[in-house]
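Visitor: Chains as they are written, first to last, in this note's numbering: chain A, 1 to 711; chain B, 1001 to 1711.
Everything labelled a hint here was simulated from the structure, so no lab data went into it.
Keep in mind that this is a model prediction, so the values were computed, not measured.
Ideal Cβ placement from N, Cα and C applies to all residues, glycine included.
Among the clues, some could well be false.
If you want the footprint, here are the derived chain A segments under chain B, 3+ residues with CB under 8 Å [stated by the list, open to error]: (1) 88-102; (2) 183-192.
Across the chosen pairs, the derived CB separations fall in these ranges [what the hints assert, rightly or not]: (3) B/N1326 x A/A401: 34 to 42 Å; (4) B/D1682 x A/D129: 44 to 52 Å; (5) B/T1132 x A/A706: 34 to 42 Å; (6) B/D1682 x A/T579: 24 to 32 Å; (7) A/P651 x B/G1316: 35 to 43 Å.
Number of protein chains: 2
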Amino acid sequence: MATQAPTSAHAAVAASGHGFLLPIRRPSTRIRLAVGRPATTLRAQPAAAEVVEQSVNTIRFLAVDAVEKAKSGHPGLPMGCAPLGHVLFDEFLRFNPKNPYWFNRDRFVLSAGHGCMLQYALLHLAGYDSVTMDDLKAFRQWGSRTPGHPENFETPGVEVTTGPLGQGFANAVGLALAEKHLAARFNRPDLKIVDHYTYVIAGDGCQMEGVSNEASSLAGHWGLGKLIAFYDDNHISIDGSTNIAFTEDVLARYEALGWHTIWVKNGNTGYDDIRAAIEEAQSVKDKPTLIKVTTTIGYGSPNKANTYSVHGSALGTKEVEATRNNLSWLHEPFHVPDEVKRHWSHHIDEGASLEAEWNNKFVEYEKKYHKEAAELKSIISGELPSGWDSALPTYTPESPADATRNLSQQCLNALAKAIPGFLGGSADLATSNMTLLKMFGDFQKDAPEERNIRFGVREHAMGAISNGIARHSSGLIPYCATFFVFTDYMRAAIRLSALCGSGVIFVMTHDSIGLGEDGPTHQPVEQLFSLRAMPNILMFRPADGKETSGAYKIAVLNRERPSVLALSRQKLQQLKGTTVEGVAKGGYIISDNSSGNKLDLILIGTGSELEIVEKAADELRKKGKTVRVVSLVCWELFEEQPEDYKESVFPSEVTSRISVEAGVTFGWEKYIGEKGKAIGIDRFGSSAPAGKIYKELGLTVQNVIAIARSL
Amino acid sequence: MATQAPTSAHAAVAASGHGFLLPIRRPSTRIRLAVGRPATTLRAQPAAAEVVEQSVNTIRFLAVDAVEKAKSGHPGLPMGCAPLGHVLFDEFLRFNPKNPYWFNRDRFVLSAGHGCMLQYALLHLAGYDSVTMDDLKAFRQWGSRTPGHPENFETPGVEVTTGPLGQGFANAVGLALAEKHLAARFNRPDLKIVDHYTYVIAGDGCQMEGVSNEASSLAGHWGLGKLIAFYDDNHISIDGSTNIAFTEDVLARYEALGWHTIWVKNGNTGYDDIRAAIEEAQSVKDKPTLIKVTTTIGYGSPNKANTYSVHGSALGTKEVEATRNNLSWLHEPFHVPDEVKRHWSHHIDEGASLEAEWNNKFVEYEKKYHKEAAELKSIISGELPSGWDSALPTYTPESPADATRNLSQQCLNALAKAIPGFLGGSADLATSNMTLLKMFGDFQKDAPEERNIRFGVREHAMGAISNGIARHSSGLIPYCATFFVFTDYMRAAIRLSALCGSGVIFVMTHDSIGLGEDGPTHQPVEQLFSLRAMPNILMFRPADGKETSGAYKIAVLNRERPSVLALSRQKLQQLKGTTVEGVAKGGYIISDNSSGNKLDLILIGTGSELEIVEKAADELRKKGKTVRVVSLVCWELFEEQPEDYKESVFPSEVTSRISVEAGVTFGWEKYIGEKGKAIGIDRFGSSAPAGKIYKELGLTVQNVIAIARSL
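Between the sequences and the hints, there should be enough to build the whole structure, so can you do that?
Guide: If you want it as structure tokens, here you go:
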């Protein structure tokens, strides 16, 4: 059952007529002390009631004014959530505003990212240099640090890019997972060196999205006790009342998912209820907590509060004035009262103390636990252990033929041994994706130090949780896996990985019709192109062992863009001309019998079709043709090469070119040119043994030769 | 609370040692009568216990043998769900095997599509011509009607293509929605002409996927009382026990979602419990029901039952033999005992009677309710009312400039008036997507006759539910809407729409950086290409009113492939040269000042950039250049045109070509050729006013002119 915030405190609040009443409000100071705010920095007293009210209204009006100035934005959520935002940031969140990247900070995610003015206002008050008054005034303008949704790459202090609903919630699960994992690995009874909460604010929209349910089911399963989620229950979404589409019992659902739940019925003025709820949530160690905070969207606006019109539009001059009058906030736009400034200024010293204290602790930790400290340091800094890449397996043409999914597993296991922050898992396909780390057990509620993550059949949350893990610490390198076709289920998360610059490694096996009998629902044909079209992502399709190792090497080195590896289910031959170095260039010559003379033909392949291309080239060479074979293993890397290199691989004068790839041919025009020919699959696949499908769809050596002859 | 199937019946089953005991088992015959099996065809007696056992084992071994022969497939689910399958198909499901498309049939969806041998075995026993013994023996082979996952386009009797987990569940919600909607519109107190159940079997995987939670939340909200879902609770997924990743309380979650829930604890032999559960589910009219049926995966296999190894692999010769011995099934592979054949044969007559009876009812309905009957007929047949397309709005260059999302709303409203089966909605963006049908109210639990569907923020379920609606009746034309960038959330559903040939219309507004301040998370740049890469789909980007009407016309006509319309948030001018007929060709000339003489340049644009291109062309023409402007509104349709038409639009000799589109340039090589230039956005967008972003990213008339000069 949903528990209600203590009614006694609630009644006291009502009776006292303002935000709090000390004797009733803070019975659980001990709890806050116990859960970790260092004694040296614990504030015995929160701000005076008047200052809290002023601070909350400051937050509200910074949002109102910024949206008004931009003539665009979402004032409703910040106006409703300002009390929660104030209490959380001012009284609970541990951070150092002058170092937004301090490792042991609490993580905060605004999953309802449209309400970003709440976050910007809080970051500004808290003293972050990333959000100055000028930044607030440049809300939603070109080049500003206050874009229309929170972007981690624009605004230090923003942990993850949010906006697409539900993603931030799942990111928060990843952040909390990372904390639990690192705490289990590195904390010692005498020294808790990893110890922070992850807070997230989600709206009705986040709750409706399936990805948040997936992530929440996992968070409950994993018992992420330091994850505290606020559900801003304001009854309004863009189309109006949530009654028209969202009448489920959210708290009951969360209980079913294994969460502790609390309902703060008065999120508008119930400061003590909010405080009590957070304290209760902190006291629950074995379950994540969902705090439903019932608020009024657009609180304070006399004519627009509690309507959808305040969700995503500026209030308008008249209503801004009415709201100022209603809340007795008779200030100029963007006003921050001195008392509010003075009060919030304590965070600068407090934050510095928190970090200094932790730094001292780390010095002690380093002395006592030298090896662990070195490992943790590398996870924090992202510095890879020297020689890490020499751990990657090497292959020769004589190595046995193997599926690249199996070769991938050898890489994953090698990397997990060499890199302390390497961890990941599969969406219930570990034994098909070949992603188990053999030297580790399963990350579970009672075994959080392990590194095999079991995501269940939840691709979307898997991607978003991996993004959260990657954003936690530079040296955490998460990989996640499913069948390549199911990148479609997680595409929104992959896109955010690319957008927010997270170096997640997406291990995508069964990468073509080569998977055979499962048929067209399981056979990717357009996924290569749909991902090649996405900015800031590396789409690899390695052909054998050397290329698989090469792809992993680049993927690990690219900490600010994700990599997708498309891997075969079926065995592939180890080829002669492939190289690790070649992969780094994205495209390269793997064989050529022209000896610098005129080339008759360039054959281009990727992944499992490269061996078909090689065989066809051999046959054509036997007939006296000069043929070059190019592996185009990663188009994005190839495009980044200098023009002369590209020209050296694809000389302009050689217009006879054939590409062979078990996917749509759309897009190959780029490399085969107007006179070339693309062999591929411009239809959905079919259910049959793999060899049969390859043959029926013309992906054969014979067909390549026939087409080569026709050119 | 989850209710348990009556223990008295359960005890009786245990006591009797076989499947049922008549006096205890059928106290609720009245209920079944009441809920609709026509009195003339109600079977007073189910099969004798021995026949039920034989039938269930027949189903099990058809699955075992087919998988064994194919050396590939999923025997575990059919072996565990055979009792449920038998009871449902033989005793409850109303269908006519000789007409799988009979309108008033109960719909059955196997959401856990990997277990398709269950469905094939049942269709075979039930007498469907689509699954002969030869078909069963050709399981998972090239060209067979028994592919590795159920495909509606391969196997009559299969309602929807399933396999990607969770989709079928959401499709079933769409099928049930369609039934509720049509029943509300067409049933009369004296004549229930639309009256069937929708059944779905889902596995653990379906339950973990977010899309099923989204769809289930909606099904609960809508009170889809005739939706009955079975959750095959077998504790095993591919990675092993569900304990490693899935420990939530599923029934409690469904209760929170507003469902009635039942738990059949013994799904292996508790036939009466299954029967009682279905009867109970049928008796609950105001809520959908989830029946959790606890089964043993691979039931009967002495060494592999209850393990993941029986999930997705053939048992192997030895284990098949051991299973035959264990279940005393000492027959040749693919054996169907005569008693079983004889028993199931009644479905042929019964099905014919069911349909005949309904046909008679329809004759009566037609007499009494002539207008309604004509409308329903057109929904059933898919025949469009004559002259429907003349309802589409027309525009001239003098029509006011407008956003294509607004023009789209005019089309939607016109079509909904003209076409009785036209309905749809948005994922909580109705007022942004401009998708409300003004003459209709909201489809809700108590207003199911209405046609505005409120999907909430659930893009993925929206797509999958729309697929279900489209599969219900040929004449139902569902549209669904969100921001174009969020096609990423629903891509798996769009792909299934394309694969299973459903003519859903995806109305995708805010189709570029033109949406402005919301920033890169909300600005599609790669989505056009990622959808152009998908087979069997039409991707439209209309430029003005005429093109918007033209796109809708084609979308409505294409009942076997989906259409995606990318529409602008911002106002666009009505252009001179655009035409409805041009859209039908996908690409066409909208202006050309060459008078048949040599062309200096071809400018190509789509959507909102077509007016930029036109303006640039005008400027260049003023300088004496001969310039052609081509609108490439739908690449797929253009590719389907004869070569000479394509050549007439893009003459080979004109190599100076520039494309302008507010998206990635990748893929434009196809039309601009090696010497052309693509103007686009090869990065993520940015948060700023739209005009500013267009300018900063070079999507301007000036830039087009500058580049034209450089060519």
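Visitor: Failing hints, ascending?
Guide: Numbers 1, 2, 4 and 7, in rising order.
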